[in-house]
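Counting along the sequence shown from 1, when you hit position 74 you're at 74 in our numbering, and nothing is skipped either side.
Just so you know, these hints were derived from the structure itself, not from any lab. Incorrect hints may have been included.
What the hints assert, rightly or not - Quick list of simulated restraints, FRET-style, between CB atoms:
#1 372 / 237: 32 to 38 Å
#2 166 / 81: 44 to 50 Å
#3 299 / 211: 51 to 57 Å
#4 255 / 607: 50 to 56 Å
#5 281 / 498: 43 to 49 Å
#6 372 / 605: 40 to 46 Å
#7 81 / 54: 22 to 28 Å
#8 114 / 155: 16 to 22 Å
Every residue, glycine too, gets a C-beta built ideally from N, C-alpha and C.
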Amino acid sequence: QTRSLLGVFEEDATAISNYMNQLYQAMHRIYDAQNELSAATHLTSKLLKEYEKQRFPLGGDDEVMSSTLQQFSKVIDELSSCHAVLSTQLADAMMFPITQFKERDLKEILTLKEVFQIASNDHDAAINRYSRLSKKRENDKVKYEVTEDVYTSRKKQHQTMMHYFCALNTLQYKKKIALLEPLLGYMQAQISFFKMGSENLNDQLEEFLTNIGTSVQNVRREMDSDVETMQQTIEDLEVASDPLYVPDPDPTKFPVNRNLTRKAGYLNARNKTGLVSSTWDRQFYFTQGGNLMSQARGDVAGGLAMDIDNCSVMAVDCEDRRYCFQITSFDGKKSSILQAESKKDHEEWICTINNISKQIYLSENPEEIAARVNQSALEAVTPSPSFQQRHESLRPAGQSRPLTARTSSSGSIGSEPTNLAALSLDSLVAPDTPIQFDIISPVCEDQPGQAKASGQGGRRTNPFGESGGGTKSETEDSILHQLFIVRFLGSMEVKSDDNPDVVYETMRQILAARAIHNIFRMTESHLLVSCDCLKLIDPQTQVTRLMFPLPSVVLYATHQENKRLFGFVLRTSGGRSESNLSSVCYIFESNNEGEKICDSVGLAKQIALHAELDRRASEKQKEIERVKEKQQKELSKQKQIEKDLEEQSRLIAASSRPNQASSEGQFVVLSSSQSEESDLGEEGKKRESEA
Numbered sequence: 001q002t003r004s005l006l007g008v009f010e011e012d013a014t015a016i017s018n019y020m021n022q023l024y025q026a027m028h029r030i031y032d033a034q035n036e037l038s039a040a041t042h043l044t045s046k047l048l049k050e051y052e053k054q055r056f057p058l059g060g061d062d063e064v065m066s067s068t069l070q071q072f073s074k075v076i077d078e079l080s081s082c083h084a085v086l087s088t089q090l091a092d093a094m095m096f097p098i099t100q101f102k103e104r105d106l107k108e109i110l111t112l113k114e115v116f117q118i119a120s121n122d123h124d125a126a127i128n129r130y131s132r133l134s135k136k137r138e139n140d141k142v143k144y145e146v147t148e149d150v151y152t153s154r155k156k157q158h159q160t161m162m163h164y165f166c167a168l169n170t171l172q173y174k175k176k177i178a179l180l181e182p183l184l185g186y187m188q189a190q191i192s193f194f195k196m197g198s199e200n201l202n203d204q205l206e207e208f209l210t211n212i213g214t215s216v217q218n219v220r221r222e223m224d225s226d227v228e229t230m231q232q233t234i235e236d237l238e239v240a241s242d243p244l245y246v247p248d249p250d251p252t253k254f255p256v257n258r259n260l261t262r263k264a265g266y267l268n269a270r271n272k273t274g275l276v277s278s279t280w281d282r283q284f285y286f287t288q289g290g291n292l293m294s295q296a297r298g299d300v301a302g303g304l305a306m307d308i309d310n311c312s313v314m315a316v317d318c319e320d321r322r323y324c325f326q327i328t329s330f331d332g333k334k335s336s337i338l339q340a341e342s343k344k345d346h347e348e349w350i351c352t353i354n355n356i357s358k359q360i361y362l363s364e365n366p367e368e369i370a371a372r373v374n375q376s377a378l379e380a381v382t383p384s385p386s387f388q389q390r391h392e393s394l395r396p397a398g399q400s401r402p403l404t405a406r407t408s409s410s411g412s413i414g415s416e417p418t419n420l421a422a423l424s425l426d427s428l429v430a431p432d433t434p435i436q437f438d439i440i441s442p443v444c445e446d447q448p449g450q451a452k453a454s455g456q457g458g459r460r461t462n463p464f465g466e467s468g469g470g471t472k473s474e475t476e477d478s479i480l481h482q483l484f485i486v487r488f489l490g491s492m493e494v495k496s497d498d499n500p501d502v503v504y505e506t507m508r509q510i511l512a513a514r515a516i517h518n519i520f521r522m523t524e525s526h527l528l529v530s531c532d533c534l535k536l537i538d539p540q541t542q543v544t545r546l547m548f549p550l551p552s553v554v555l556y557a558t559h560q561e562n563k564r565l566f567g568f569v570l571r572t573s574g575g576r577s578e579s580n581l582s583s584v585c586y587i588f589e590s591n592n593e594g595e596k597i598c599d600s601v602g603l604a605k606q607i608a609l610h611a612e613l614d615r616r617a618s619e620k621q622k623e624i625e626r627v628k629e630k631q632q633k634e635l636s637k638q639k640q641i642e643k644d645l646e647e648q649s650r651l652i653a654a655s656s657r658p659n660q661a662s663s664e665g666q667f668v669v670l671s672s673s674q675s676e677e678s679d680l681g682e683e684g685k686k687r688e689s690e691a
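Given the sequences, and given the hints that come with them, work out the whole structure.
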């Protein structure tokens with residue numbers, strides 16, 4: 001019965017322990033939440049006090065807001081003090097009693113339970129040993145020890161049992177105290193907290209809160225009004241901006257303005273990352289005076305991208321991207337390739353930079369002056385329909401018509417170079433001269449002066465002089481092989497080929513014609529300079545587009561300011577003039593290699609000249625050697641004749657001696673060989689007599 005009743009009490013103690021642990025965790029959460037609330041309230045008060053020290057970019061000096069927040073900070077600071085007091089009271093009146101019950105009373109029950117279990121096990125073991133005492137072989141000493149062990153274990157078990165039972169009975173009272181005392185402390189702490197709050201929240205504070213609520217409502221109404229206005233503005237802008245969403249708008253609805261001296265917008269800039277690789281970065285570009293500025297996303301201000309005073313700009317083909325143009329500084333040391341979003345932006349950027357490069361922006365009415373300059377340029381370079389029709393009638397059917405324009409020898413674009421001031425344009429460029437802006441393949445049209453072998457137009461050429469397919473390249477034996485990347489700007493017939501000024505004037509007219517007629521496409525080729533000829537090779541197919549014999553290149557020069565531009569004059573047979581010879585000037589753009597290309601052409605002509613002189617000297621030496629060899633052969637032949645004559649004379653002398661008989665009546669008989677020599681001697685005599 002005792003053991004059964006003890007089991008009931010132990011089960012009750014276990015249930016009390018589980019329940020009190022859960023209650024302890026709940027009250028501890030209240031205590032932690034109150035501490036967190038007290039700390040958060042104190043932090044809020046501190047941040048409100050520091051508002052006046054903050055520097056907001058759009059805030060300005062709002063003294064009303066600062067004073068209002070200071071007032072709120074004081075009230076919240078007082079509430080924070082009340083929360084701190086509440087936290088202290090909860091710790092003393094609520095958490096301390098339940099913690100004591102959990103840590104002291106419940107642990108005591110567990111300890112006594114373990115001790116009672118140990119004492120009970122010892123008593124059972126002692127009784128078991130006492131029961132096994134033998135009645136036949138009684139040993140007083142063993143009997144005494146077993147009896148003493150039973151006595152000690154029974155006494156210990158009884159004492160432990162009494163203390164354990166007492167603790168279990170007392171636990172019923174401690175349970176009630178442990179449940180009620182923390183709740184009483186919690187309620188008293190809350191009542192004290194609310195009393196402190198009622199003392200702090202007086203009538204003056206209520207009036208302050210009422211005023212703040214009214215101000216908040218006014219601000220909300222003002223915000224709603226502004227939001228409604230902004231929504232209406234957004235709808236209007238969406239309707240008006242719908243055509244602007246198209247990346248490439250219709251030029252008829254949005255015409256190109258060529259008179260701009262300022263422009264801004266997004267462009268893609270090409271950055272080379274290796275020999276053949278490159279990346280494109282999108283940045284915002286704008287002009288500022290004579291400078292082109294760029295500003296990346298996130299930058300506070302723009303930085304200088306390039307000085308565009310006296311620069312050159314033209315459209316280029318780059319990596320199969322549309323609307324690309326290249327800006328080159330006045331000294332040719334810096335260039336940049338940019339890509340516009342649309343054809344309109346592309347043309348406006350080129351025209352704007354052209355106007356800035358002429359320093360029109362420094363005048364009082366830059367747009368008016370730009371319009372006048374563009375109008376004069378338009379009058380100076382005008383397309384000729386009659387020439388276009390005549391030129392197209394000469395082309396084979398099915399071929400695309402190359403871009404052509406006509407230049408007037410009496411007009412000029414911009415300021416003329418000083419070294420051309422004393423020369424008449426008619427003495428340099430023939431009047432009514434067409435400009436060819438694209439390369440005409442030699443397969444479809446014969447170029448004047450073009451040294452073209454059969455099947456040459458479609459044959460691939462190795463630009464590095466290496467043999468391929470079992471056949472040797474035409475320039476494989478040449479000493480000089482230099483390859484340059486060039487872009488063809490145009491060509492036109494000229495009247496003179498002995499003055500570099502003709503190249504400069506041709507450059508000016510071709511660039512002006514491209515700008516006026518919006519011809520921005522340029523054909524990129526590889527220019528191979530060798531001692532025999534100049535070749536334009538397709539970089540993709542390695543097919544020779546044009547070949548210029550080096551002896552026909554009579555003049556070459558680089559632009560005086562933009563070293564990337566160069567040209568040469570080719571003297572050809574036939575042409576527009578009545579004479580048999582005509583001169584055509586070809587203009588190219590390179591990658592900062594204009595002077596280098598001209599030097600290479602000059603070196604090739606020098607090498608070709610020296611090779612020709614060496615060839616002539618070699619031929620003369622061979623002729624002298626042939627004459628000497630002929631004389632030597634004649635002398636050898638003469639010596640052989642003399643030797644033959646001498647031999648024949650000896651044979652003749654031997655055959656003319658009288659035949660003598662021997663003492664036995666015999667005769668001396670000549671052998672057959674001697675007879676043959678005699679015959680040869682007679683023939684030699686005949687030849688000698690003939691000689």
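The hints, checked one at a time:
1. 372 / 237: 32 to 38 Å: holds (36 Å)
2. 166 / 81: 44 to 50 Å: For residue 81 against residue 166, whose Cβ atoms are near 47 Å apart, the range 44 to 50 Å holds.
3. 299 / 211: 51 to 57 Å: Since residue 299 and residue 211 have Cβ atoms about 45 Å apart, the given range 51 to 57 Å is violated.
4. 255 / 607: 50 to 56 Å: Given about 54 Å between the Cβ atoms, the range holds.
5. 281 / 498: 43 to 49 Å: holds (48 Å)
6. 372 / 605: 40 to 46 Å: Taking Cβ atoms as reference, residue 372 and residue 605 lie about 45 Å apart, which means the hint holds.
7. 81 / 54: 22 to 28 Å: holds (25 Å)
8. 114 / 155: 16 to 22 Å: holds (19 Å)
The structure fails hint 3 only (numbered hints given earlier).
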